[in-house]
Each structure stands twice: as structure tokens, then as C-alpha cells.
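Peer 1: Start from the sequences, fold in the hints, and give me the full structure.
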Amino acid sequence: MKFICQKNDLLQAIQTVSKAVSSKPQNPILSGIYIKAENNTLELQATDYEIGIISKIEAEVSEPGNIVLSGRYIQEVIRKLPGVTVEFEYDRQEKISHIRSNRSHFTLLSMSADDFPIIKKLEANKSFTIMDNVLQELIGRTTFACSNEEARPVFTGCLLELNYASVVMVSTDTKRLAIQSKVLEDFEGQSKMIIPSKILNEIHKLLSSDMPRPVNISFNSNQISFEFDNTYISSRLIDGQFPDYHRVVPNDFGTRIKLNTEEFRSVVDRTALISRTNDYNVATMEFANGMVRITSDNPEIGNSDESIAAEIDGDDIVISFNADFVSDVLKIINTKEFYMSLNNSLSPAAIRMLDDESFTYIITPVRTPGQ
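Using the numbering used here, read the sequence shown as starting at 485 and increasing by one per residue.
The hints are simulated quantities; they were obtained by calculation from the structure and are not laboratory data.
These numbers come from a predicted model, not from an experiment.
The beta carbon of each residue, even a glycine, is placed where N, CA and C say it ideally should be.
Be a bit skeptical, because a hint or two may be false.
[Claimed, not checked] Derived DEER-like restraints, expressed as beta-carbon distance ranges:
#1 GLN725 - GLY786: 43 to 49 Å
#2 LYS676 - ARG556: 35 to 41 Å
#3 GLN510 - GLY786: 46 to 52 Å
#4 ASP839 - THR591: 55 to 61 Å
#5 GLN510 - GLU571: 33 to 39 Å
#6 LYS820 - ILE580: 58 to 64 Å
Peer 2: Below you can see the structure in the form of C-alpha cells.
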């Protein structure tokens, strides 16, 4: 195998597929990146059996072939090469790959491509197309509320719910719930699936672009794939029953508060300096007289006490939350102001953006002494 390609193109492709390289592989071949050269195209693949990623780039291929190289070392070597182009040649007899750029020359031992589990395109039952900026918003406004507890796999993923002209993504760790909905134009029917948050977060990173582009999503009963530009990503779906999130969202509230997003975010972040030192990361909020007073204390550390203006419509309320759960949602709110809706100190609260009904965040309060 022999080819020449642009260094930056190759590095980007390696960095893309390396997200599927297994860090603790049961089979050594899974620590590698599969490279196939033919028809002036390089195809790179990596998989850990749960996730598979393919990336393609242009290259001047003079001798077609395929090999597997250590994902860790090929990435570091290519990243530090001095030139703008890379010359690659595989010595089949010695099983060594020669990598050259300017006056730099590396050799890497290669693994047999015959042992690599080639990623095949998904045999899908259904598919739809969505713009990448819409998909980014769905992911960015939900995955932060997923659980990290592998013992409860359903909560480590996001529910994707397709219902004719709408798509909804939902996440929960049982203490909070994030819901983001969008209009969908080209899907007929209804489908539900739970997608691992790990793959969604990786897709979110890869979609960071100023130019809108379509993403084709295909799925069957146990797998899903995402295809855009020269990248193909497949993942297993999470098996299980996602809870009925509609039952968690209160139908109405007795009190609604309008707050300045940046001002409230700053106060919560400062309060967290103290709240993170107590057992449940508790920040107490008192809504009364056109103000919200946010406090936290730890007898062994100290306390914080700060107030800001708030537009309160309804009864006065004192309620406590995990400060990080509040801070997390404030990071993704992009409107100048937002609404917090409450019923009492023990009932779930809702946070919604101003003039944006597509997003809802439900957060369970923390019970404190005296409540």
C-alpha cells in the first residue's frame, strides 16, 4: 500500500475515528485504526463493538491496500509531522509502515487488516434527514442531564421520539429532566429509541461548523447511524423502557418568576463555592418582594448570601436545589431572560427560556430541615 495525502486531512480523519478506539480492548485489534487505500480515497475505521466510525479523505493512491495501525501512535506521529503532506508506504514482507514528511521518517509496526471487524453500513428500517444545527441543539440541551451510573443504562442515554412532524429528545437522571423538541419535515410515522449519551456527545463535537449541513439518520430495532459529509457513525441503541416523561411535567404552576439569565447564573456560580462543600450541594432560594435571595452554608466552611431582582407572579416561596443542577441548565440558556415556575418547596420546578417553548427543564427540589 502506498499513498500521499494532506497531513491535516489525515489528522482530522484519525481524530474523528479515534473516538471509537477502545481504551481497554478485549481484542488488541480494537486498539487500532483500519486504513484502506483505493481509487484515490483513504477510508479509516475504528470500533469498540458498541460504536463504529468511518471517515474518508482524498489521497493520491499509487498502490491500493489495507492495514491496521495503533490508534494511539499513528495519531501522535501524524500530529507532530513537520510538513503539509504525508507519504505513506507499507512493506508487506516486513509488516512495517513507513511514514515520511519533509525530512522526518517514522516506521510503525502494523496489524493484519484481516483481523479487524469491518464496519458495514446499517440495514435500516427507517431513516430521516435533519440539519446539523438542529441536531446540535437537540443534543446540547439534553445530554447534560443524563446519568453516569452504568448500573441503570436507560438513564445514561437520551430518548429520541419521532412523531410525524416533530422530533423530541429527552434525558433524565431521575432528579432532573431535560426536554427539547423541534419540527421534523421528512419523517412519516412514530418511533422511539434510547441513544447512548456518549455517542451523542461525540457527534455534537463533530458537528461544530459554521456551515449548515444535512445529517442522515437511519435506525432499526437495535442500532442507529448518523451520516454527514465524509463521516459515518453507528451505535447500538440502549435496550429498556424509558419512563413516561409526560407524567413528570406539572400541568400548571402557582408561581412564575422571570429572571435575568446572566445575573442569576453569576449568583448561582458564586453560591456553589459554598454549596459544593455541603452534603447535597444545597442552595436555598427565597422568592419574595420582587427579589430572590440565594443562600448556602456549611458550618465548617462558611456561608454565602446574595439577592437579585426578580419579577414574581404568584405566592412567595422558599425552595432548595442542587446548585450544580441549576448551574448546568443556565449554561445552555441563550435568552436574556428565562422563567422559573414553582408550586411549593417540595414539588418539581420548571425552567423555560423566554420566547422559546421548545425547551423544558424539570428539577426536583432538595428537602432541607424544617421542610
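Peer 1: So, for every hint listed, does it hold in this structure?
Peer 2: So, going through the hints one by one against the coordinates:
no.: 1; hint: GLN725 - GLY786: 43 to 49 Å; in the structure: holds, 45 Å
no.: 2; hint: LYS676 - ARG556: 35 to 41 Å; in the structure: holds, 38 Å
no.: 3; hint: GLN510 - GLY786: 46 to 52 Å; in the structure: holds, 49 Å
no.: 4; hint: ASP839 - THR591: 55 to 61 Å; in the structure: holds, 60 Å
no.: 5; hint: GLN510 - GLU571: 33 to 39 Å; in the structure: holds, 34 Å
no.: 6; hint: LYS820 - ILE580: 58 to 64 Å; in the structure: holds, 60 Å
In this structure, every one of the numbered hints holds.
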